[in-house]
Each structure stands twice: as structure tokens, then as C-alpha cells.
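S.K.: Sequence:
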Amino acid sequence: MIGVDTNVLMRYFLDDDPVWSPVADRFFEEDLTAERPGYVSPLTLAELVWSLRKHPDYQRPGMVRLLEGILAFEHLVVGEAPAVVRALAAYKVGGAGFADYLIAELNRDAGAEFTVTIDHKAGGREPFKPLA
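Each residue of the sequence shown is one higher than the one before, counting from 3 in my numbering.
Hints should not be assumed to be uniformly reliable.
Said to hold, decoys possible - In the DSSO-like style, the derived pairs of lysine-lysine whose C-alpha atoms are separated by at most 27 Å in a straight line are:
no. : residue 1 : residue 2
1   : K94       : K56
2   : K94       : K123
3   : K94       : K131
Simulated from the structure, these hints should not be mistaken for laboratory data. As the structure is a computational prediction, the values presented were derived from the model and not from experiment.
Required output: the full structure, derived from the provided sequences and hints.
M.R.: Structure (C-alpha cells):
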């Protein structure tokens, strides 16, 4: 398995850099295999979403498509995939950020009853509770 950094994901999926995008293309298309997949951590996904937050093509609908593409990519293993999938489902319909939902789902998997927050976009909705 080979760990994949946020910038490598961005260059491959955005195809926006004349130097690094072709290198990332070769890496994804030639170096990653079923026997030697790429590994994408939940932290990498959170950084990816944060890094693209102001990109016009990657507002919520575009970001959802990108994350779904990463999850579906044949030779990528996404760490904590069940939590990532639940976080993505909540992000699709909720008002909070992807990282907020990811934190809450990882907390849930670790045994947390809920995640306390002062974020008004998340507070009051499962799996969040507002800090009182």
C-alpha cells in the first residue's frame, strides 16, 4: 500500500497543473494496483475539502461528487471508510462542514455517545449536541 497526500489527489482529480497533473495521472493509472493500492486517510480527505472550499467547481455538490469518486476509485483504500461514508451522507444534506461530520462519525466509532460543539450549523442535530 502507498499513502497518498492531499496535493497528489488534487493534481489527479482536478487535472489543473501542467507539471504535476501528468505525474499524478501516471501514478494513479500505472503505479496503483489491486495488489498495491493507494491509501487515503480521513485526515487527507478533510484537508482536501478544506483546501478546495473556495474553488468554484467544488462547492458542496462538486465536493460530494469528488469524494464519491475517491471512495469508488478501484485502487484506493479509504481509511475508516464506514465513518467517511456516513459523514459524506450527512454532508450531502446537512449544513455543517464535511470535517465536522467526519469528526462526529469517527468519535461515534470510538464509542462517543455524541459530539459536543459550539458550531451553530452542526449543533442540535445528530450526532451533535450544542455545548451548553
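S.K.: Hint by hint, say whether it matches the structure.
M.R.: These are the hints, each one checked on the structure:
Using a Cα cut-off of 27 Å, the hinted pair K94 and K56 holds, with the two alpha carbons roughly 17 Å apart. Taking the CA atoms of K94 and K123, the gap is near 14 Å; set against the 27 Å cutoff, the hint holds. For the proposed pair K94 and K131, the alpha carbon gap of about 20 Å is at most 27 Å, so the pair holds.
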